[in-house]
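Number of protein chains: 4
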Amino acid sequence: MNRPTASEDDRRYVLALGTPDRTGIVARISTFLAEVGGSIVEAAYHADADSGWFFTRQAVRASSIGLGLDELRERFATVAADLGPETEWTLHDTGVRKRIVLLVSKEGHCLHDLLGRAAGGELPADIAAVIGNHPDLEEVTRQHGIDFHYVSFPKDPAERGPAFEQVRKLVDVHDPHAVVLARFMQVLPPDLCDHWAGRAINIHHSFLPSFVGARPYHQAFARGVKLIGATCHYVTAELDAGPIIEQDVIRVDHADEVRDMVRQGRDIEKLVLARGLRWHLEDRVLVHGRKTVVFS
Amino acid sequence: MNRPTASEDDRRYVLALGTPDRTGIVARISTFLAEVGGSIVEAAYHADADSGWFFTRQAVRASSIGLGLDELRERFATVAADLGPETEWTLHDTGVRKRIVLLVSKEGHCLHDLLGRAAGGELPADIAAVIGNHPDLEEVTRQHGIDFHYVSFPKDPAERGPAFEQVRKLVDVHDPHAVVLARFMQVLPPDLCDHWAGRAINIHHSFLPSFVGARPYHQAFARGVKLIGATCHYVTAELDAGPIIEQDVIRVDHADEVRDMVRQGRDIEKLVLARGLRWHLEDRVLVHGRKTVVFS
Amino acid sequence: MNRPTASEDDRRYVLALGTPDRTGIVARISTFLAEVGGSIVEAAYHADADSGWFFTRQAVRASSIGLGLDELRERFATVAADLGPETEWTLHDTGVRKRIVLLVSKEGHCLHDLLGRAAGGELPADIAAVIGNHPDLEEVTRQHGIDFHYVSFPKDPAERGPAFEQVRKLVDVHDPHAVVLARFMQVLPPDLCDHWAGRAINIHHSFLPSFVGARPYHQAFARGVKLIGATCHYVTAELDAGPIIEQDVIRVDHADEVRDMVRQGRDIEKLVLARGLRWHLEDRVLVHGRKTVVFS
Amino acid sequence: MNRPTASEDDRRYVLALGTPDRTGIVARISTFLAEVGGSIVEAAYHADADSGWFFTRQAVRASSIGLGLDELRERFATVAADLGPETEWTLHDTGVRKRIVLLVSKEGHCLHDLLGRAAGGELPADIAAVIGNHPDLEEVTRQHGIDFHYVSFPKDPAERGPAFEQVRKLVDVHDPHAVVLARFMQVLPPDLCDHWAGRAINIHHSFLPSFVGARPYHQAFARGVKLIGATCHYVTAELDAGPIIEQDVIRVDHADEVRDMVRQGRDIEKLVLARGLRWHLEDRVLVHGRKTVVFS
Numbered sequence: 001m002n003r004p005t006a007s008e009d010d011r012r013y014v015l016a017l018g019t020p021d022r023t024g025i026v027a028r029i030s031t032f033l034a035e036v037g038g039s040i041v042e043a044a045y046h047a048d049a050d051s052g053w054f055f056t057r058q059a060v061r062a063s064s065i066g067l068g069l070d071e072l073r074e075r076f077a078t079v080a081a082d083l084g085p086e087t088e089w090t091l092h093d094t095g096v097r098k099r100i101v102l103l104v105s106k107e108g109h110c111l112h113d114l115l116g117r118a119a120g121g122e123l124p125a126d127i128a129a130v131i132g133n134h135p136d137l138e139e140v141t142r143q144h145g146i147d148f149h150y151v152s153f154p155k156d157p158a159e160r161g162p163a164f165e166q167v168r169k170l171v172d173v174h175d176p177h178a179v180v181l182a183r184f185m186q187v188l189p190p191d192l193c194d195h196w197a198g199r200a201i202n203i204h205h206s207f208l209p210s211f212v213g214a215r216p217y218h219q220a221f222a223r224g225v226k227l228i229g230a231t232c233h234y235v236t237a238e239l240d241a242g243p244i245i246e247q248d249v250i251r252v253d254h255a256d257e258v259r260d261m262v263r264q265g266r267d268i269e270k271l272v273l274a275r276g277l278r279w280h281l282e283d284r285v286l287v288h289g290r291k292t293v294v295f296s
Numbered sequence: 001m002n003r004p005t006a007s008e009d010d011r012r013y014v015l016a017l018g019t020p021d022r023t024g025i026v027a028r029i030s031t032f033l034a035e036v037g038g039s040i041v042e043a044a045y046h047a048d049a050d051s052g053w054f055f056t057r058q059a060v061r062a063s064s065i066g067l068g069l070d071e072l073r074e075r076f077a078t079v080a081a082d083l084g085p086e087t088e089w090t091l092h093d094t095g096v097r098k099r100i101v102l103l104v105s106k107e108g109h110c111l112h113d114l115l116g117r118a119a120g121g122e123l124p125a126d127i128a129a130v131i132g133n134h135p136d137l138e139e140v141t142r143q144h145g146i147d148f149h150y151v152s153f154p155k156d157p158a159e160r161g162p163a164f165e166q167v168r169k170l171v172d173v174h175d176p177h178a179v180v181l182a183r184f185m186q187v188l189p190p191d192l193c194d195h196w197a198g199r200a201i202n203i204h205h206s207f208l209p210s211f212v213g214a215r216p217y218h219q220a221f222a223r224g225v226k227l228i229g230a231t232c233h234y235v236t237a238e239l240d241a242g243p244i245i246e247q248d249v250i251r252v253d254h255a256d257e258v259r260d261m262v263r264q265g266r267d268i269e270k271l272v273l274a275r276g277l278r279w280h281l282e283d284r285v286l287v288h289g290r291k292t293v294v295f296s
Numbered sequence: 001m002n003r004p005t006a007s008e009d010d011r012r013y014v015l016a017l018g019t020p021d022r023t024g025i026v027a028r029i030s031t032f033l034a035e036v037g038g039s040i041v042e043a044a045y046h047a048d049a050d051s052g053w054f055f056t057r058q059a060v061r062a063s064s065i066g067l068g069l070d071e072l073r074e075r076f077a078t079v080a081a082d083l084g085p086e087t088e089w090t091l092h093d094t095g096v097r098k099r100i101v102l103l104v105s106k107e108g109h110c111l112h113d114l115l116g117r118a119a120g121g122e123l124p125a126d127i128a129a130v131i132g133n134h135p136d137l138e139e140v141t142r143q144h145g146i147d148f149h150y151v152s153f154p155k156d157p158a159e160r161g162p163a164f165e166q167v168r169k170l171v172d173v174h175d176p177h178a179v180v181l182a183r184f185m186q187v188l189p190p191d192l193c194d195h196w197a198g199r200a201i202n203i204h205h206s207f208l209p210s211f212v213g214a215r216p217y218h219q220a221f222a223r224g225v226k227l228i229g230a231t232c233h234y235v236t237a238e239l240d241a242g243p244i245i246e247q248d249v250i251r252v253d254h255a256d257e258v259r260d261m262v263r264q265g266r267d268i269e270k271l272v273l274a275r276g277l278r279w280h281l282e283d284r285v286l287v288h289g290r291k292t293v294v295f296s
Numbered sequence: 001m002n003r004p005t006a007s008e009d010d011r012r013y014v015l016a017l018g019t020p021d022r023t024g025i026v027a028r029i030s031t032f033l034a035e036v037g038g039s040i041v042e043a044a045y046h047a048d049a050d051s052g053w054f055f056t057r058q059a060v061r062a063s064s065i066g067l068g069l070d071e072l073r074e075r076f077a078t079v080a081a082d083l084g085p086e087t088e089w090t091l092h093d094t095g096v097r098k099r100i101v102l103l104v105s106k107e108g109h110c111l112h113d114l115l116g117r118a119a120g121g122e123l124p125a126d127i128a129a130v131i132g133n134h135p136d137l138e139e140v141t142r143q144h145g146i147d148f149h150y151v152s153f154p155k156d157p158a159e160r161g162p163a164f165e166q167v168r169k170l171v172d173v174h175d176p177h178a179v180v181l182a183r184f185m186q187v188l189p190p191d192l193c194d195h196w197a198g199r200a201i202n203i204h205h206s207f208l209p210s211f212v213g214a215r216p217y218h219q220a221f222a223r224g225v226k227l228i229g230a231t232c233h234y235v236t237a238e239l240d241a242g243p244i245i246e247q248d249v250i251r252v253d254h255a256d257e258v259r260d261m262v263r264q265g266r267d268i269e270k271l272v273l274a275r276g277l278r279w280h281l282e283d284r285v286l287v288h289g290r291k292t293v294v295f296s
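Residue numbers (full-length UniProt numbering), protein chains in the order written: chain A, 1 to 296; chain B, 1 to 296; chain C, 1 to 296; chain D, 1 to 296.
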């Protein structure tokens with residue numbers, strides 16, 4: 001008998017599901033998984049009292065199920081149908097590598113961090129391309145063997161439509177699972193927010209909802225806060241108001257000038273983006289309304 | 001039709017279970033809960049790859065089930081039997097108030113903290129009694145309307161047997177769900193560790209396994225660590241080596257002398273003990289071997 | 001020869017000073033302290049590039065100086081005069097016990113915490129009185145041997161003037177070093193803010209500037225933040241906008257309802273208030289404009 | 001008159017000094033600095049009650065002093081002599097770029113992190129060379145335009161002498177201010193510890209003194225701790241026992257296997273090493289016996 005290889009043994013089918021709550025959902029899903037022989041490796045549930053919805057994420061050892069992904073999806077569709085028409089679900093195979101595209105500007109710390117994680121085999125996705133509205137980060141990107149596209153943005157915001165259109169095309173050719181604004185510093189137009197809804201992820205350099213918009217470290221300095229933070233969130237049409245995936249903070253004091261906050265803040269931005277992106281790519285983030293359920 | 005009162009609506013049956021892992025456990029349990037009409041409010045699962053065991057905690061709205069606790073236990077026993085003879089489980093009704101007994105010495109910060117939480121309705125248990133090997137904390141205990149028993153301990157450790165025997169009797173009369181060593185500063189004899197196994201909870205003033213034993217802040221100061229911590233753990237016969245429930249740390253620096261560490265450490269001790277005790281009382285802590293699963 | 005007792009040895013003269021920055025300030029002050037034989041135990045400096053001001057706090061072993069506090073103040077006044085007319089400074093003797101008055105409402109966790117710290121000898125001040133706009137916390141206050149004054153506040157905010165006048169009198173009779181709004185839940189009128197400027201300290205249950213005003217945990221829940229916090233700040237006429245002394249946060253997730261945030265937030269409120277108050281009482285907080293310098 | 005350029009304005013002379021404590025040290029030093037016109041930008045002091053030593057670090061705007069570094073050192077030597085023969089001090093010019101050499105093995109996360117910081121202009125030193133006992137990290141190092149030297153280490157520890165001798169020569173040619181063991185995984189022989197005393201900096205992947213030696217994440221997993229950490233320390237002949245510069249921790253839980261701890265631990269290792277190294281390079285770390293004073 002063939003023992004699965006280590007990496008084959010690590011392959012998972014990951015189900016993420018949200019549906020209006022009622023009795024018996026867990027029984028319905030777990031009975032189905034037991035019927036197909038699924039060995040559950042991770043399972044998380046959340047019954048949201050506020051919205052009346054139920055959310056679950058289940059990771060099943062792929063080798064324990066004698067079905068391909070398509071067949072499993074087909075069979076699970078009947079379970080989902082039983083749970084009602086509002087049910088939202090995805091079913092992914094971790095053996096199929098995901099793709100991400102990064103949008104950058106001049107600040108390279110988040111890019112460097114993600115490139116380093118990719119090189120170390122830590123990122124659960126391939127970086128398909130990097131797109132910059134400045135050419136500064138082209139060299140480091142290419143050194144890692146990744147395509148870099150420079151798109152020039154006009155000074156006048158009113159004239160940036162064609163530039164965004166070009167970005168959209170460069171991104172969409174990869175059909176990525178995540179479009180990461182890694183300190184991109186450009187506000188996406190509403191149609192792009194819609195187009196990439198649930199896939200466009202931003203890192204904002206403040207602990208939202210404090211210090212929305214431009215120059216948050218300057219705002220933090222002026223207010224005299226004792227902690228600064230960063231927020232990883234889905235991009236929506238309303239600036240810095242999308243569903244929050246992850247946040248963290250770091251202590252500062254009176255001796256820290258704006259440039260010190262900028263420097264220390266970078267470490268938090270890197271961490272928060274890396275964590276949020278990882279959870280997104282592992283189907284650990286379920287969005288409902290303005291909020292997220294994160295099965296971290 | 002009677003609507004359950006708010007507090008009746010908050011009443012839960014809480015199942016905590018561990019068993020050797022195999023396919024179908026979740027289906028078996030959730031199907032049972034669905035059959036008795038159980039509305040699951042919280043559910044957590046953990047399949048432990050290292051030990052090959054499976055753990056779960058489920059909180060069900062009591063009002064959704066048309067059975068009393070005893071009948072529910074009886075019915076669930078057949079499910080547990082199906083899961084095999086090694087299965088360990090408890091089923092509690094949050095409507096039945098738990099009891100705890102505190103063992104203290106001279107240092108009052110943990111006692112004050114727990115009394116304050118009890119007064120604020122935050123503690124999910126009643127403090128049945130406080131026992132001290134010094135009389136210092138008698139007054140504050142009595143002011144809160146709680147019995148205090150002073151048990152004198154001889155200087156010579158070899159002669160403390162009768163004192164511990166007296167403590168055992170004073171504790172056992174309450175048949176408590178937790179015996180909390182709230183900075184008790186006495187090492188329990190092995191037979192008491194056995195007798196209260198899984199119920200005796202200690203707060204140690206270091207980040208274990210660093211600085212086992214006496215005067216951990218002095219040890220931390222001598223080593224020059226940059227963080228100090230506290231550890232809440234179950235008491236076992238091996239000193240400071242029982243299963244860890246919760247830990248946390250706080251930053252110190254070169255300017256902090258031992259007395260500063262003692263002062264700052266108190267805040268961490270209070271927090272860590274309060275969190276660990278709460279989780280224990282809410283059946284969120286499952287012990288397996290030297291380690292815990294904490295569904296916090 | 002008499003050796004000073006331990007507590008006499010711990011007595012300090014504490015100088016806190018702010019002045020427009022220029023070369024030689026440290027030399028001027030430290031030369032003065034050396035001349036009077038002062039053994040410096042703690043010294044901290046901050047040159048604020050943004051405001052162009054210089055701040056320092058120095059703690060000198062009182063027994064090393066052959067002068068009483070009044071004489072020392074008189075002599076230092078000539079140094080301060082040399083530093084220019086804008087110079088602000090205080091000089092305190094830690095051997096003279098400070099006094100604080102607490103304002104409370106119904107929520108008792110901050111009061112319990114401060115009473116526990118006072119009982120444990122940890123608070124560097126005496127609690128002279130507690131004033132409540134509800135009688136709920138009278139009993140626990142009196143159990144600790146502290147006077148409690150109940151002041152009834154009318155429903156209509158427009159009619160609360162006399163109540164605030166009564167509070168002012170009850171406070172001012174103690175001439176306290178700090179008036180602590182320990183979850184007082186009433187907005188001080190501007191004249192009281194002025195009257196207690198630099199002494200009135202509030203604990204706000206959010207990470208300001210997020211969630212100003214009422215029901216911050218509800219606001220945090222609605223926004224879906226991943227950390228909640230608390231802020232200790234001086235009270236000014238603009239609501240929740242005074243100089244921040246200390247802040248901290250705690251992690252929450254999607255499973256935490258508002259009441260869970262309220263419960264977990266209490267622990268942060270207690271810690272942040274205790275730290276901020278301690279620093280204030282130890283003359284570690286220097287206010288300049290809307291911001292603080294904290295020599296913690 | 002020429003205004004100094006922005007970067008000239010940022011140039012500092014940094015004095016770091018330790019000496020047995022006595023009255024008048026601050027006055028002596030600050031009077032000297034005032035006499036040479038020094039504008040103090042940062043100043044920190046610590047009187048260590050335990051050892052009876054006094055430590056200070058002062059950063060002075062270089063442009064405010066009409067002396068070159070050599071002349072300033074010569075003049076300050078007379079001040080230091082007055083403070084007694086045990087006095088230890090350094091005086092650096094931040095306008096003179098420091099050099100570091102990195103020792104690596106196969107794990108690249110700390111190297112990637114430091115290369116990214118260097119590329120972003122964040123590191124206060126140049127990476128002069130990277131030396132690896134495996135060739136794995138050669139390519140990424142060279143992509144950043146930095147020399148990489150591969151030194152083969154024999155399996156048998158007893159035969160590694162020549163390899164260490166080769167490493168010593170490759171390092172010493174750069175006369176570096178820091179020799180960073182960025183997950184080097186080789187224990188330095190005692191003579192190299194002595195040779196690089198105060199300059200060899202290690203990152204250990206545990207919260208020392210817990211889990212000294214090999215495979216600390218496995219040890220942490222086996223013990224069931226609830227936080228894992230990393231420690232940046234000076235290398236001494238006793239394994240993992242040198243003076244600690246910085247430590248930090250991250251929360252883990254029962255669901256984290258060893259490989260999860262390894263992954264999450266990397267983020268803490270990177271941060272702790274980057275912070276510790278930065279402080280070392282900015283002369284913020286003063287070693288005394290087994291401990292450090294860190295003016296961060």
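Quick caveat, the hints were computed from the structure, so don't treat them as lab data.
Worth double-checking, as some hints may not be accurate.
Copies of the same chain look alike in the list, so a pair counts if it fits in one copy or across any two.
[What the hints assert, rightly or not] Pairs of lysine to aspartate or glutamate residues, derived as DMTMM-like cross-links and limited to a Cα-Cα distance of at most 25 Å, are as follows: (1) Lys155 x Asp253; (2) Lys106 x Asp256; (3) Lys98 x Asp21; (4) Lys106 x Asp126.
To see whether the hints hold, each was checked on the structure:
{"no.": "1", "hint": "Lys155 x Asp253", "in the structure": "neither (36 Å within a copy, 40 Å between copies)"}
{"no.": "2", "hint": "Lys106 x Asp256", "in the structure": "within (23 Å within a copy, 36 Å between copies)"}
{"no.": "3", "hint": "Lys98 x Asp21", "in the structure": "neither (31 Å within a copy, 31 Å between copies)"}
{"no.": "4", "hint": "Lys106 x Asp126", "in the structure": "both (22 Å within a copy, 21 Å between copies)"}
This entry does not satisfy hints 1, 3, going by the numbered hints stated previously.
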